[in-house]
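2 protein chains.
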Amino acid sequence: MPTEPLTPQEFRIWHAFKVMGDDVLERVGRDIALSTGLSGPDFGVLSRLADLGNGEMRQQALAESLGWDKSRLSHHLTRMQKKRLVKRREADQRVVLVVLTEEGRAKLDAARPVHAESVRRNLLSRLSNQQIETIVRVSNLLGEEV
Amino acid sequence: MPTEPLTPQEFRIWHAFKVMGDDVLERVGRDIALSTGLSGPDFGVLSRLADLGNGEMRQQALAESLGWDKSRLSHHLTRMQKKRLVKRREADQRVVLVVLTEEGRAKLDAARPVHAESVRRNLLSRLSNQQIETIVRVSNLLGEEV
DNA sequence: CTGCTTTGGTTGTCATGTCAACCACAGTAC
DNA sequence: GTACTGTGGTTGACATGACAACCAAAGCAG
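From first to last, the protein sequence lines are chains A and B.
Heads up, the first sequence is in the numbering used here, so the first residue is -17 and it goes up one at a time.
Heads up, the second sequence is in the numbering used here, so the first residue is -17 and it goes up one at a time.
Since the hints were made in silico from the structure, they are not lab data.
Take the hints with a grain of salt, since some may be wrong.
Identical copies look the same in the list; a pair holds intra-copy or inter-copy alike.
Claimed, not checked - Within a straight-line C-alpha distance of at most 25 Å, the following computed SDA-like cross-link-like pairs (lysine to any residue) qualify:
(1) Lys64 <-> Arg(-6)
(2) Lys64 <-> Trp(-4)
(3) Lys0 <-> Ser56
(4) Lys52 <-> Phe(-7)
(5) Lys64 <-> Gln113
(6) Lys0 <-> Gly19
(7) Lys52 <-> Asn111
(8) Lys69 <-> Arg87
In this text the structure is predicted, and so the values were computed from the model without any measurement.
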């Protein structure tokens, strides 16, 4: 039995789903970048470091909390190191600690209120509680293995 | 009045929203790639070409239908040309026609049912009608200008 | 006609992501 | 001990994407 092509209706759903996050992410990212020069991913890394590790975390733990693979994080930390947002320090052999620098901390502090305001303006305030609840439920649902 | 940082609850919503599409897009992309070697963006370009232009479109029209800027499309077409999925043909001076090749058409035909099945398995069949309706509504809502 | 703006496209550069190969150490099996 | 396996991380190559500078043709104002 051949698979039927997607109906126009199905295609519209697929397309809506695909592009849903794009505009919001772009707007929030732009707000952060304009005010502090941090990119979205930079801000994500710095917040985790500060909130979960008090400014200092093992690379692997950081990667897991971001949902990134180790290679992606390694590359990104190299770029962030060049911008002096983080340092790497060897704990023992094998384990590397990622550490917030002064400059990283300062930019994070500057970016936080901008981020919060932007997320509220571009996302939270535009959705009903019902819609937000559905988003969270669907996100968790689809993140699970099949 | 300083902006309050996001509450943990708000942060969870933001994070759920940010990652919502990632797994699904990745799975569908992987299914297409495994069966035909096409990437997600490749498939998008080929489908538009076939559906909207009957295998032949002006670059600018193609870019608009994809929501891409001209530079992005130009770069991507160069890569697709190298894989012999499309050709470029000058219409008059200035205007370039993008044309499906035999190979592009064949791979598109092979990918279509895989794509349809994967979208249904990874997205449509996992959500209730209520949830789907909310997704579409939210996607349209957030795509609008502020 | 000359000059200005718009349109259609290319190109270079850089940030971001993915994938596979690799290395070093640690733990466990034997 | 040696071999196998798992964990933590780096690296290189390449695809993707954003942005700005550039170029040539077309349209239009004067």
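So which of those numbered hints doesn't the model satisfy? 1, 2, 5 and 7
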